[in-house]
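Protein chains in written order, with the numbering used here: chain A, 1 to 68; chain B, 1 to 163.
Everything labelled a hint here was simulated from the structure, so no lab data went into it.
Here the structure is a predicted model, which is why all the values come from computation and not from measurement.
Here a beta-carbon is modelled for each residue, glycine too, at the ideal position from N, C-alpha and C.
Mixed in with the good hints there might be a few duds.
Said to hold, decoys possible - Chain A residues, not near chain B, derived (Cβ > 10 Å throughout):
hint, residue
1, Arg-15
2, His-24
3, Pro-33
4, Leu-42
5, Val-55
6, Glu-56
7, Arg-58
8, Lys-62
9, Pro-63
Stated by the list, open to error - DSSO-like, lysine-lysine: derived pairs with alpha carbons at most 30 Å apart:
hint, chain 1, residue 1, chain 2, residue 2
10, B, Lys-15, A, Lys-35
11, A, Lys-44, A, Lys-22
12, A, Lys-44, A, Lys-20
13, B, Lys-133, A, Lys-35
14, A, Lys-20, A, Lys-35
15, A, Lys-20, B, Lys-15
16, B, Lys-15, A, Lys-62
17, A, Lys-62, A, Lys-44
Okay, here's what each chain looks like letter by letter:
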Amino acid sequence: MTETPARSSNELRARLHEGKGKLHAAQRALSLPEKVRQLLELQKITYEILRSRGVELRPWEKPWDVEP
Amino acid sequence: MASFENALRAVNELKDAGIIEDCAVAGAMALVFWIEPIPTFDLDVLVMLPQSAGPLISLDPIYRWAADRGYVAEHEHIYIDGVPVQFLPSFDALAEEAIRTAVDRQYFGVDLRVVRPEYLIALFLLPSARTVKRRERAAALRDSPSIDLDLLDDVLTRFRLTF
């Protein structure tokens, strides 16, 4: 007899989906300076990931040394 | 320290000096104004250049302006206050319309124009620019509440673009 793996209910998935939607909405509603600050952080993270993967980056593809 | 705000201020100088007629922030950086930030390493600025006598357009006046101010030009980018900026001259009716219909925004008191999300989607879907990454950006924009779906439909239909 094969065991059926545990599955999430429709209600749980709907709640998770709704939560994700709320998170995206909150992110969209952030102030521009805060979004730019986040973008500068994302640049650092992305740069390190790309470098660790050995991706050949063009000279301008690096984090900006700027304030928001 | 260099700042994004100063880079935007410098871009505005181009218009004030009459080197460009109009401009608008486009590309991934423009998404910040409409949806969540996504990582990008340059600032794309769509520019409308003044009418020239011949059919060929030149970015030379922009490069001269940059050199006069000590901004370094490297390949297709000009480093303005620490930000690699790519000036993209308007290339067709869609790009012209995207600049003309751009909306006014302010960033720390600096005026700037930003391409509307419906036009950003269209620009991302251009066959010449179409990549998986750009299609994903277009899809993210389409799902955002800031989109005018009627306008999007109109733009995509007129310029014969599809997802």
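Quick rundown of the hints versus the structure:
no.: 1; hint: Arg-15; result: 19 Å, holds
no.: 2; hint: His-24; result: 6 Å, violated
no.: 3; hint: Pro-33; result: 7 Å, violated
no.: 4; hint: Leu-42; result: 4 Å, violated
no.: 5; hint: Val-55; result: 12 Å, holds
no.: 6; hint: Glu-56; result: 14 Å, holds
no.: 7; hint: Arg-58; result: 8 Å, violated
no.: 8; hint: Lys-62; result: 7 Å, violated
no.: 9; hint: Pro-63; result: 8 Å, violated
no.: 10; hint: Lys-15/B <-> Lys-35/A; result: 26 Å, holds
no.: 11; hint: Lys-44/A <-> Lys-22/A; result: 26 Å, holds
no.: 12; hint: Lys-44/A <-> Lys-20/A; result: 24 Å, holds
no.: 13; hint: Lys-133/B <-> Lys-35/A; result: 20 Å, holds
no.: 14; hint: Lys-20/A <-> Lys-35/A; result: 18 Å, holds
no.: 15; hint: Lys-20/A <-> Lys-15/B; result: 41 Å, violated
no.: 16; hint: Lys-15/B <-> Lys-62/A; result: 28 Å, holds
no.: 17; hint: Lys-62/A <-> Lys-44/A; result: 8 Å, holds
The structure is inconsistent with the numbered hints 2, 3, 4, 7, 8, 9 and 15, although it conforms to all the rest.
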